[in-house]
Amino acid sequence: MAFREQTWESYISNASPEKWMQVRPEGLYCAPADIYIDPHQPVGRAIITHGHADHARSGHGEVFATPETLAIMRTRYYLKDETAETGLAYGKRFDLGHGVTLWFASAGHILGSAQAVLEYDGSRVVAAGDYKRHPDPSCAPFEVVPCDVFITEATFALPVFQHPPLEIEVEKLMRSLKTLPHRTHIVGVYALGKCQRVMKTLRLAGYDAPFYLHGALKKLTELYESYGQDFGEWIMVSDIPRADKHVFQGKIVLCPPAQINDRWSRRFEDPLPTVASGWMQIRARARQKRAEMALVVSDHADWGDLIRTCEETGAENIWITHGRVEALEYALKQRGIKAKALNMIGRDESVE
Amino acid sequence: MDKFAQLLDDLYFTNSNLAKEIILTNYLRATPDPDRGWALSAIAGTLSFDLFKRNVIKSLMMERMDPFLFDMSRDYVGEMSETVALAWPQSADPVRLNRLPDLHEVIAEFQSRDKAGIRDYLILLLDNMTPSQRWALLKLGTRGLRIGMSARSVKLTLAKMKKVDIDVIESIWHGLTPPYLDLFAWIDGEAELPDLSDKVTFSPVMLAHPIDEDKDLARISPATHIAEWKWDGIRVQISSNGTETKIFSRKGEDISGSFPDLVSSVNFNGIMDGELLVKPGGELGSFNDLQQRLNKKKPTKALMEKLPAHIIAYDILEVDGHNLRQETLSERREKLGAALSENPQTRIDISETLPFKTIDDLHNLREKAAQTGGLIEGLMIKNTSSAYVSGRPKHAWYKWKRDPFLLDAVLMYARRGTGKRSSYYSDYTFGLWSEDGDLLPIGKAYFGFTDEELKEIDKWVRNHKLQRFGPVQEVEKGLVFEVAFDSAQESKRHKSGYALRFPRIHRIRWDKPASEADKLSSLKVLVGT
Ligand SMILES: [Zn+2]
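Residue numbers (our numbering), protein chains in the order written: chain A, 1 to 352; chain B, 1001 to 1529.
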């Protein structure tokens, strides 16, 4: 792909992205700028696509991320006083030095999630991080950035993953609240992103009772609110006296997935354990979690969207980081797109 | 059909049995005939026909989806129906239905169509369904429903709906057929209890517990117990009303068709419980002999003459319309003896009781059983005061099998399991050395090891691969299993000339070199040929 803003360096070197983007033990590495993308070990300079624990971590010297992601990292104590932070709003270009330009495009995954766009030597590489194409009222939508190399995840890269519209899943929950009004609906959600997306979608579907939240979900929900999200009334479970079990009946309690069948859930009367996750499409997975209701809520692109996105970027080369790498590589090659697995270590099945 | 799919989803994801019963009750009350009867049948596992074959589904998928991606998906999901339900690629120009047909319409439609028609109808439905609905259809159609509800808890639900004891349901259940119109008419109070007195029906059998030598032997004495041989045949129930006779398997399957020689010989009115064997040359034959009859839905005259069916009867449940189930075993055996002597049956003998005075005598008898080359599996020891109770009551009947035979065999082939084990090589074929130094397969096993051991074997297989034959992975001849089995029979179908019964992995002999595994000749010694 021809690219407008060529730097002077392109006239003396003609390095292909294979040369300047590398896979190192620490993670994806942009050699001329000496910077890593979502490294899983502490490094000198790091670009962080979003705040989930398998992408963001502590101990880097210098961090480049969206302002929202920096705020999330601060909340999770991933940033120390001595960490040098550079916040870049979506679309804002930044010169990393040595001819490398960085900017962020929204990834539609969670608040602040971004695709890292790197331009060097006349070519453009987009590292998408985690992303999704389904609508999400709690974050900015995915933006297609034309590029030469598109680096994609493959968390749900199998034809069995066809995520239903979230409204249908939320409707299941609303119906159950009506037919089982005596039961406390305990919904297991990850604290960052899933929790807020589910709350927001429930509000849009007309659920108007307060939400009851587990302590682990508080800080990030407040952080979302500080960026203008409105979740209506929510109350900490711990603020309700233990004797008042009736308060929760027919209501929605949100907690981390591990708590739905744990000791914590015993404080509720006749709890109905529910899990909201993309994996819930697979029955055996839902049974494993002992979920009595499985809501298919994914913050990743499904099979169709992964392939569609790779095609829409027009990239000549697709690199695949983590997930069901083999299937996506195979399907892209069948469509005549050059694809390869990056064999990243330390990135197995992403949980969030 | 959508209500049915919803019901299955609700049952599938509900953990407590009580909650499942309530869900099923609500469905059965809210759903009209005949849909509720068909649903009941699907859940209780009493449907007697497939709506379509598994290979139709498979061939539809192969036309629509890349085989590599399909295999990867199925490996990941663990089973075919759910994979198809999730990944079904819509037809290019699908026909849209205004509504999904009712369950009974679906069943009638499939049954009325020919092969090509079944295929078209399946496509039409799959195109119009959600993944959950597709899953329900595929499971219903191939009778593969497993939603964690036993036949017993289905019956319990019905009993609670009518506020009667579960025995009432048990007593009529096997005489009823889907879609159970008479059953629901009775439950709704619009008809009497279905009258099955003139029908020849199955009644659920009484089962034995394996003996716990440390605890149970102390409970046994000649004053309170009898001992009998445990023959290696199949458990059957002979049920006759004087004019019509049926032979049922232990699970209530009607197998009369395979044994017309036996059926036509019976002339009594009642229900007997016993072991079915064959008598080649007038002597009781092995399980292998019996197998040749079991496999034949319509046996030839020649086969019936060569391998005539025979019963060793050990209990009687009803005689001339009298229910004997509440009487003690001693009383029932007396009546069984009387029935057989008043009315001699050419193909039914009474099971002899084995005299014993001490527990040592029982040990000796069990030892004797081990010398019969598998014809006798061990001992049955029964409390003489026990009533005939369906299910597995405690301390009433014990089975005491002789010790299994053990052999050291070499792993030859491995293939992946299904479901939870789909990512592991968990099915193993193993063999023994011939005189010429070849390894000949003698059996397959897929259980007997712990999850931890499974992981280790799986790792071993992956590191010692040879050729691949479709799903079957050949491995280097380097891993020895100590294999336990109940008996071995000569078999022409196996290259080694033998077939094992109930083989399982007893121990993994990581320490033992393959060259020191057993030879075929040691099997010959065990079989006694
Ligand atoms: Zn993420």
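Since the hints were made in silico from the structure, they are not lab data.
Where hints are given, some of them may not hold.
To be verified - Chain B regions said to be covered by chain A (calculated; three or more residues, Cβ under 8 angstroms):
hint: 1; stretch: 1010-1022
hint: 2; stretch: 1065-1072
hint: 3; stretch: 1511-1522
Said to hold, decoys possible - Result set (BS3-like, lysine-lysine): computed pairs, CA atoms no more than 27 angstroms apart in a straight line:
hint: 4; chain 1: B; residue 1: Lys1296; chain 2: B; residue 2: Lys1495
hint: 5; chain 1: B; residue 1: Lys1058; chain 2: B; residue 2: Lys1306
hint: 6; chain 1: A; residue 1: Lys289; chain 2: B; residue 2: Lys1003
hint: 7; chain 1: A; residue 1: Lys178; chain 2: B; residue 2: Lys1215
hint: 8; chain 1: A; residue 1: Lys333; chain 2: B; residue 2: Lys1058
hint: 9; chain 1: A; residue 1: Lys200; chain 2: A; residue 2: Lys245
hint: 10; chain 1: B; residue 1: Lys1455; chain 2: A; residue 2: Lys289
hint: 11; chain 1: A; residue 1: Lys333; chain 2: A; residue 2: Lys289
hint: 12; chain 1: B; residue 1: Lys1495; chain 2: A; residue 2: Lys178
hint: 13; chain 1: B; residue 1: Lys1003; chain 2: B; residue 2: Lys1279
hint: 14; chain 1: A; residue 1: Lys80; chain 2: A; residue 2: Lys200
hint: 15; chain 1: A; residue 1: Lys251; chain 2: B; residue 2: Lys1003
hint: 16; chain 1: B; residue 1: Lys1455; chain 2: B; residue 2: Lys1215
hint: 17; chain 1: A; residue 1: Lys172; chain 2: B; residue 2: Lys1296
hint: 18; chain 1: A; residue 1: Lys251; chain 2: A; residue 2: Lys178
hint: 19; chain 1: B; residue 1: Lys1357; chain 2: B; residue 2: Lys1215
What the hints assert, rightly or not - Partner residues are not named here, just some residues of chain B that face chain A (Cβ under 10 angstroms, in silico):
hint: 20; residue: Ala1092
hint: 21; residue: Asn1128
hint: 22; residue: Pro1131
hint: 23; residue: Gly1282
hint: 24; residue: Phe1502
Computed from a predicted structure; not experimentally measured.
Quick reminder that beta carbons are idealized off the backbone N, C-alpha and C, glycines included.
- prompt: Any of the earlier hints contradicted here, and which numbers?
  reply: Numbers 3, 5, 7, 11, 12, 13, 14, 16, 17, 20, 21, 23, 24, in rising order.
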